[in-house]
Structures are given as C-alpha cells and as structure tokens.
Amino acid sequence: EALVMNDPDFQHEDLNFLSRSQRYEQAIRKSSLMVKKLREYGIANPEEIYWFKSFVHRGRPEPLDLHLGMFLPTLLTQATPEQQDRFFMPAWNLEIIGTYAQTEMGHGTHLRGLETTATYDPATQEFILNSPTVTSIKWWPGGLGKTSNHAIVLAQLYTQGQCKGLHAFIVPIRQLGTHKPLPGITVGDIGPKFGYDEMDNGYLKMDNFRIPRENMLMKYAQVEPDGTYVKPLSDKLTYGTMVFIRSLIVGDAARSLSQACTIAIRYSAVRHQSELKPGEPEPQILDYQTQQYKLFPLLATAYAFHFVGAYMKDTYRRISGDINEGDLSGLPELHALTAGLKAFTSWTASAGIEECRMACGGHGYSRCSGIPDIYVTFTPSCTYEGENTVMMLQTARFLVKSYNQVISGQRVTGMVSYLNDLSRQRIQPQHVAARTVTVRINDPVSLVEAYKARAAWFVEAAAKNLQAELNHRKSKEDAWNRTSVDLVRASEAHCHYVIVKLFTAKLSEISNAAVRAVMTELCLLYALYGISKNTGDFLQAGILTDTQITQVNQRVKELLAIIRPNAVALVDSFDFHDVHLGSVLGRYDGNVYENMFEWAKKSPLNNTEVHESFHKHLKPMQAKL
Amino acid sequence: SVNPDLASERQTASFSVEKLTAQLDGGVEHTRLRRAVVEAIECDPVFSRENQYFQSQNERYESAVRKAVHLQKKMHEMGWTENGPEFKYIYRALSGDVAFLLHRVFMRSISVLGSDEQIAKWIPLASQYQLIGSYAQTELGHGTYLQGLETTAVFDTTTQEFILNTPKISAMKWWPGDMGRSATHTVVFAQLYVHGKSYGVHPFIVQIRSLQDHSLCPGVTAGDIGPKMNFEHVDNGYLMLQNVRVPRENMLNKFCKVQPDGTYVRQGSQKINYFTMTTVRIALISDEVVIPLMKACTIAIRYSVVRRQSKLKPGEQEAKILDYQTQQEKLLPQLAAAYAFHFLNNYLQELFDKAYREIQKKNFDMLPELHAFSSGFKAMVTQYCTSAVEVCLRACGGHGYSSLSGLPSLYTKILASCIYEGENTILLLQTARFLIKCFKTASTGQPVPPSVIYLAAVKHGKCPAKNKLDFLHPDIYTEAYQHMAARLVSSTAAKLQDLIQSGVKKHDAWNQCTVQMVQAAKAHCHYMTVKNFAETVEKLDTKAGIQKIMKHLCDLFALHGIFSSAGFFLHDGYVSGAQMDMVTASYLDLLAVIRKDAVPLVDAFDFTDKSLNSALGSYDGQVYQRLYEWAQKSPTNKQISPAYERYLKPLLHNMQSKM
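Residue numbers (my numbering), protein chains in the order written: chain F, 18 to 642; chain E, 68 to 726.
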C-alpha cells in the first residue's frame, strides 16, 4: 500500500474534475506504469498483484481489467498448449492486449441468443467472422473501444452447414504498431455512461473477417481441418468461472456498502443541525433516531455481506477442489446459491449506497462526497455477470426442484435441507408454517429459525402456485412465467435466510468478547430490521404475532441506541484509507467544511475569475435590452 | 419506419390515445398550445440537447447561458410573455436545461418580501436583465434548519448600512444556483444584529459582481462548488462575505424594518410568506418529479417491447421482455404511479388556488393544513418517483446504464428533488406533527380540517372482501388504506403519550417516536393519493375507453401498495392472511391486463423524441440503429486516442523490445 501511496508517479488531479477522455488517459497511464513497476518490484503472486492493482486504481475500473481478468485466464483454461505457446507470453508481456467480447447489442444474459457467426471454410482452413445484424454488434466489452488489439470473441460456430453453438475465438482487431483497426473490423467506444468513465467500453462489428482455424480456443471442443466437429466432454465446467466471478461481486457489494456507510456515518458525526433539546447546542445528526434508522441497519448489512462473501470464497475453493477431482455433484447447489446471493447482495447494496448518500443531504449530492461515484461504479453489477431477476429465477428453479424432490420422498442436503421438514408436515392441508415457531426475538439462533420458516413458506407457496398453473395450462414455460413474481420472492426469502444464518454462525467464531458482543448486536439488528421491513411475510405465514411484531419494532429502536456509541468505531474498523474513499465528507480527520471549500476551488468552472460566457453571452444581452 | 414490434402494440389500444392526452393536458386547447410551444422550441437548433451527454461541465454551463439569452429573444419573437399561457410549457420543452432559473426566484422573493419602493426599484432592472439575481439561503453547515444559519448582518447606525459577514467556514453560502459564475446580485439570508441584539434571519439584497466587467466586488469571494451528480449546466455557487456593506434600504422590509435609529419594527402578517414556501413545494411536483417519471416510463416500456430475450415457448421467436411477468411487475406499477401523481398534482393545484383566494380575503384558516400537505406530499412524491425512475433504469439492463438511454440523467436529476426545498425526513415529521395534533383535537370532539376527519373514527373492523374480485372495488381498498393510516397515527400518538407519562422528557419522547411518525405521515399521504385517484376515475369520461383503463391503473396502484407493505395492513388483522393472498392474485392479474395497453399509455404522455433524448425510448423504436449511430458521434471516437500515442505505444513497444 505504502509502495503506491508514496509513489509520485501515481499521483494525479482529482478525477471529478477531469473529462472522460482525460480520465481514460489517466487510467491508461497508471496501468502502464503499474505493469512496469510490477516487473521492477518483481511482484508476481496473484494476490499481491490484486492488491497492488487495487491501490494503483483505488478500487476503480481500468482499461486493462478485461485483459487481466478475462483474456489471460480464458487463455489459461480454454486454450490448447500449442495456443498458449502462441498467445500467452505475448499477452503476458502486453504485446497483445486482449478483451473478452461476449455481450451484443441485442443480447446479454441469455447467451444462446447471441448472433455473431463464425463459419468454417475448409478450403482455406479459416473461420469467417460476421456480425450479420445491428443487434449482433458486440457492445459493452471493457477495453475494446480504444485499448485492445485482440479480443476473444464468442460466436455461433457453423461448420459443414450446421450450427454447433457458442464457441470462443481469438480475433486480432487492431494493427500491431499503428493500432489502426484491421480491414473488416469496425471498432470504437460506446459513448458516455452513468459511471465507468475511465473504461473504454466498446463496440465491434466484423464483416467477413477471416482468422486461421488455430484461433478457435480448442482445449475442449474442436474443429478438424476438414471441418469435422469434435464435441467437448462436459459443458458444466464453464460454470466454475461464473461462480467465482459472482462470489467476487458479493465481496464487492460488501466493500462498496462499507465505504458508503463509512462516509455517511463519519459525516453524520461531524454535522450538527437543529435542536433536540430547547436551549442546548445543535446535536450531531447521528443522534436523531431517524438518521440512525437510515444508517445502522445498512452498517449491519455491510458486515453481514462481508461474512457471506468470505463464506462464498471458501465454498468455491472447497468445491473447485472437488471439481478438479472430477466430482461435479456440488456444482448445482453452488451455482444456484451464488446466482441468488449475487442478485440479493447487489440489489441491497446498490439501494443501500443510495440511502447513505441521501442521508448526507445536499452535500451527498456533490461529487466531493464520493458516494455518487461509489454508486455508479457498483450499480451495474445488478446487470453484468447475469441480470439479477434472471439470477433469482435460476435460484428459484433449484429451490422448486429441491422441493419436488422432497415431495417425492427424497431427502435434500445443504442450505435447502430445511425443505425436508416439509414432508413431515405434509399431512396438514394448510401451509407448513401455520405451525407456530416459538421465536425469541433476542436470540439470533431463534431468528434464523424464523427466517427458515419464512423461506420454507415462500418456496412451498411458489411451488404450489406453479403446480396450479401447470394444471391449467399446456405450456410449462407459460406457467413458469405466470409464477415468476412468486418465484423471485421465494428466492429472496431463501437468500435472506442464508445470510442471517451465516452471520449468526460467524458469532461463535469470534474469540474477543467485546467484539463478539458488538457483532451480536449488529447481527440482531440485521435480523430484526429484516423482519420489521417484511412484517407482512412473518404475519401472514403465522411465524410471528402482532404483539411480537410490535416488540421487534421496539427492539430495533433500542438496538439503534445501543449501537450509537460504537458507530464510528465500527466504520473505522473497515480501515479504508482516505485516498481510497475519495470523499471529502468521509475523511478520517472529520475536517469536512474547510476541505469542501478547498476542493471546490479546483472546479474547472473556477479556472478564471470571470467565465468566458460573460463576454460571449451575458454582456451582449445586457447591452441589447 | 416504426419497428414492427412497437407498431403492433399500438394497434390493440383499448382506448383513444389522443383523448387521453387531452385529458392529461386539461383539454384539447391546452394540448394544441403545448405542442405549438414545444415545436417552436425544438425546431430552433440553439435549444438542441443532442450533444449534452458528450459535454463537459464548462460546455454545459455555457450552453445553458446561451439558451437563457436566446430564450429572451425567442419569447419576444413569438410574442410569449412570462404571464402568458405558453410560459409553463417553455420550461417543459427545454427540459429545464437553461440558466437563470434562480433569477426568477430572486425576483419572486423581492415581490413577496420587498416593500413597494423596493419592488419599484429592483424588479424593472431584473426584468431587463440589467442585473442577474440569485437566492442565497443554504450554507455549508445548514440547510433545512433555517434558524441555524450563521451569516451575520450588523446594523451600523453611523453610516446607515448593514455590514455582512461570513464569520466561519460553515457559514459560507453553498449551493445557490446561478451564483457560482453568473449572478451580479443575490438575496442573502443573515442573522440580523442591531445594537448587539439578535433579531433572527432576514433577507438582504447584496451586489456580488461588478456590472461593468463582472469581477467580484470588494469583500466578496464567490465561485462554483464543483461537479455534482447532475445539474452540470447550473453554476451552483459558494459565497463568502467580509465586511460587505449594503445600504439600510437593501434589507427586504415588507414585514420587518430597521429604522434609521436602529429601532426594529414588525409590520403586517408574515403568513403570506409562509404560503409562498408551500406553493414552491407543490409547484415542483409536476415539472421536476412527475414529468421525469413519465419520461422514464416511456423509455423503459417502449424499449421493453423492442427488446426480445430468451424464449417463452420452445420453437417460437424470442419473447418481448415486457411479456415476462417479472418485467411487468417492475414497470407497470411505476406507470400507474405516474398517473396517480399526475392526478394528485391536479388536486393539489386546485386546493392551492382555492386557498390563495381565501388568503386574499385575509382568511388564513387553511394554512396549517396546506403546510402539512405540501410538506408530506413533496416528500412522499419525490421519494416514490425517485425510486420509480431507478426501477425503470435498472429494468433496461445494460443499455439503461448508457447515458444515451437518457435514464441516468433523469435519475440523477430527480433525486435532487428529495433534498431541495426541504429535506424529506424533516418534511414528513412536520406532517406527522400536524396529524398527531389533529388526532388529539378530533378525539376530544373538536372540529378538524376535512382531510383528516377520518382520524377521529378509528374502527376495529375487518376488511369485508370475500374474494379476489372484491379487491377491485375502490371502496374496499380505499378503506383499507384509511384504516391503516388512522391506526399508524393513533398508535404513534399513544406511544408518545405513554413515554411522556412514564416520565420521559418531551423532546426525548419525540425523538424516540420519529421513525414511527415518518411511517404514519407516509401512510396518510399514500391514503390520500389512492383516494384521490379513485375519486378522479369516478369523474372521468366513460367514453373512448378512458375511464376503464384508468380504473385498472388505479386498482393497480392501490393493490401494489398493499402488496408491498403487507405488514401494515395485516398487523391488527384488518386484512387477513387469506385476503392478502386475494390481493396478490388480483394484483398479478392486473399486470397482464394493463400489459396490453402499456405502450398506448406511455404514448399518451406525448413526449417528442427530442424531449426524451433517448436512444432506447424513441417513438419509432429503432433502438439499436440509433444507439449505434449515436455512439459513433461520441468525442472519444472522433480522434485517435491521445492515450495510445502517449502511453499505450511506449508500453507495447517497450515490452516488445525487451522480449
């Protein structure tokens, strides 16, 4: 960290004052330097590279992200040894800068719908790549617009007149040396976005662009010189990468929300406003119950997501060990779990960041608060790597499948094992949760049971509604669609249960008594706040009574007051460096107002004392009227 | 040509789009006039917004100033006046992308707070743009809580001047629009001191820039506060004053006056001033909140019938994403909300016109109710619509994230409305204070304003619905809302009472109940919105299918609210678990019904493509083509990137030579 922070080469003007082109240029400059310095310092360990990179770019996206994060790893996993010889070292040495071109203008999450074609020509032993429609133009890949000279392109493979589905091809797109697009390639930047200013997300259109047969990534599927297609052994393997990336997003959700909480809570301790008691000085706004109610549940959520992210990383490591030994049995549940948790955490964090910003009032709206930037950088994760609603439905598919297994007498394992209890309840005609769970609202373990009952109730309701639709209609897909709102709710309830469960489980692992005490308070707040926001579910399912709900609401407010003295310490524990937060409101030293003034003075509008618009427009108008 | 996927949606409309548009505008004549104004503005290239997504803050500012200046000329040419019927459509046609909006606030504050002499002196200068005004209230350290402002104005009897000062950094004026670069004058709110005694916050006219060369006046430090989430075209500014002297006549003195010897005199009723503040809160609902939501719905819904993704039935074409229940559940409730708040806004306007007539007759009885209304509805509508626009943005997936979709700028702009003109949480607490007061008054049998009479009659009944169709009766759901609102208000009042009786100090008790109060205030506003929507539908024309489709939207708005806040309705058993299942069933059924009219319902908002300024939302639905062509115009594509020559090339070559 100090290595980067103290290096004058990595210093630059505040990004908020730069145009998009300038921000891109800064990012490229730093990436180039970073690569040079990594070599100089001899840093090669992936973990160390990751930290170095994140300090250089302060956790922000950069044009080489796709090269490092997708292009190189894809070469490693999907290229043959011969292809690795040809491409990997040049790419490692940045002679080749690559990106990963999957998403098209017309299709994203639904991969089978991609339209780019790669037609094999046995006469020349080449693939002919085409973007046959406007919608088939590759759109969004990072680093494609201006930076890359190669791309791994996903296209529908046609050979011997047949479509063989999606395959990956290495496509050179720019001339080495001049960096000009190659003939047959149209490539450029897709224009301004909500955020990601430093990233040159690009478009790519190919017209009869030919590449040698050897440029298809052929570790699994192959096309022989005569055009014969050789099928891959298993296609489940690619799930591994997706699972890994989704688990990173959960970690990202935790980090982004923690940053927003740090800013909002520190600022709320610095700002004084109005009066609580007549005649006394203005209190810190963090002393207002409404402000605590906005921020502390989010703080608890940030901690909860940290533990979930860590759990997912561990599980991924454990299961990928199994996969390497050929055991794929853990994949379906893991895939289902990561899809839902990715959606749940990214939605919640995205909304939470906005609440933090809103809690900072007008100053939160200024770019100097840093929260607008955190938001626009994080919020696309609701869409990329799988659109959230589609993710929720994937989880739901697994839940319904597990439910049906239970109903047909099989037992299920893992996080869905609570469904096993349903078979015992089946004699009852009514909903399972009509039984009363004795919930003790001060005991996290008991609250886990309440969330479990809610999840079971929703899964069963969705599965039953689906069955009812199936009885009415011929089409399975139609029935599924008509139940999808219920199915999403079931997934959400399941994910919520998993998170409360993981948070609670974490408590017993904390050895320091004081830390455990404060984490227990946060865990309780997380669980109880979740109930108070979804009282309808718990009431309707008969898990909690009216009186208990009133107690829950009351207890939430008591916890706010209990957490209040530790609030700043709890965000300090996240240990974000000021440079990393990039926020005037969230400074560690709390000197907010004077630094806002210093910051504003650097605004481009202030470059001259009298703005040129005065001479161009104002003065002539005043003269005329 | 229109994309066939969009064209087919228009053929099945169950109502007349043109008639609904007229209904929304308040009559065919208004529609005609609006279209004429929009046409006149949009055909003028100076007002074009096509390049705005590509422009820097400096360019946006300059273009806003140019537009403001050009608008004066245009109005003169067209024969439009500030008081004419066209005026309200001009701002809409410009989408607010113009400078000097605070100049109008400057003028209004002088008209309301100034004496006749002051009006006679300043208003002609301002209308002739001989000076440019701003309105400096908010400070770095204080916003909604006005008594906390720290700028000082000390009266000096010897020179008959006020000496204005910014005593510390948090007292710096911060945020006022048009002040960073443009304004020559501003109305500064400062704590008045005479002979060492404080008299509270008062307004002063202060010149900050030279009328000759626009340089800052002595003692004045002013500039732009830097980039924000949106409003790049506005030079929100800071202002620091060091011993700046203004003559005694510059204190706006319609209500309060400092005489030459320093005697402080109050005169007349300030209530009218109070009324102005509430009017501003209501005025912003239409232009700043409801219209942006309508635009966002238009973009998201049109795009959702053009975009096809995945298959609903094997072997068929990929389905329009609006055919997915989950997509309908995201967008259609937002569409219903846009209509609900449009009608609510009409209701509030009528109410305010009525109040204004009363006030001119010196009858101020309606003021407390109006104040509570304006606070609560401003907070509720801005918050609701902000979330709704965000839902629209996210429902457009990756392309929604592109600036060219128009959605990011709609979102970042509307969300500022949650803060300006009063922070929402504080406003809701003001409404709650009023409701609790009325509840207490009503329980002792004394009269209360008509809108809150229901608080007196909290019944412990049950919802009478027997099947899911019963929930399509406005009486049934309106009563459910009424019951819920009344319950939340009464239980909050009871809780407050309990705390005070158990010995908790009044202010502590108040703070401990604020979370509940916010909920109660929102519940009241939600109830009023549903009630007004249902009553409006009753009165609509039964011809041309309009009443029928509006009834569906009203049902959807109401049931969506119950579905999303089920706990509030279930809590005391007013709605049973079985009834909640009926609500859900009816709600989901309605989505499929309204789906068929979704595109005609957004067409009726009648936005031109230029005003939407979106690659995804244009009338012809040529989404992908437009996105591709527009992106190519991005400045990032105009030249070979300097980054290549400067950094990439050396990087590539350096590495190559080392190998």
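The hints are simulated quantities; they were obtained by calculation from the structure and are not laboratory data.
Fair warning: there could be bad hints in the mix.
Simulated crosslink set (DSS-like; lysine-lysine; CA at most 27 Å straight-line) [what the hints assert, rightly or not]:
id : chain 1 : residue 1 : chain 2 : residue 2
1  : E       : LYS321    : F       : LYS550
2  : F       : LYS618    : E       : LYS321
3  : E       : LYS141    : F       : LYS633
4  : E       : LYS378    : F       : LYS181
5  : F       : LYS491    : E       : LYS572
6  : F       : LYS493    : E       : LYS321
7  : E       : LYS535    : F       : LYS53
8  : F       : LYS222    : E       : LYS235
9  : E       : LYS504    : F       : LYS197
10 : E       : LYS378    : F       : LYS418
11 : E       : LYS572    : F       : LYS294
12 : F       : LYS311    : E       : LYS618
13 : E       : LYS387    : E       : LYS321
14 : F       : LYS481    : E       : LYS535
15 : F       : LYS181    : F       : LYS236
16 : E       : LYS387    : F       : LYS491
17 : E       : LYS321    : F       : LYS636
Structure-based check of all given hints:
| no. | hint | verdict |
| --- | --- | --- |
| 1 | E:LYS321 - F:LYS550 | violated, 49 Å |
| 2 | F:LYS618 - E:LYS321 | violated, 37 Å |
| 3 | E:LYS141 - F:LYS633 | holds, 18 Å |
| 4 | E:LYS378 - F:LYS181 | holds, 19 Å |
| 5 | F:LYS491 - E:LYS572 | violated, 66 Å |
| 6 | F:LYS493 - E:LYS321 | violated, 73 Å |
| 7 | E:LYS535 - F:LYS53 | violated, 68 Å |
| 8 | F:LYS222 - E:LYS235 | violated, 58 Å |
| 9 | E:LYS504 - F:LYS197 | violated, 73 Å |
| 10 | E:LYS378 - F:LYS418 | holds, 21 Å |
| 11 | E:LYS572 - F:LYS294 | holds, 9 Å |
| 12 | F:LYS311 - E:LYS618 | violated, 36 Å |
| 13 | E:LYS387 - E:LYS321 | violated, 61 Å |
| 14 | F:LYS481 - E:LYS535 | holds, 18 Å |
| 15 | F:LYS181 - F:LYS236 | holds, 16 Å |
| 16 | E:LYS387 - F:LYS491 | holds, 20 Å |
| 17 | E:LYS321 - F:LYS636 | violated, 32 Å |
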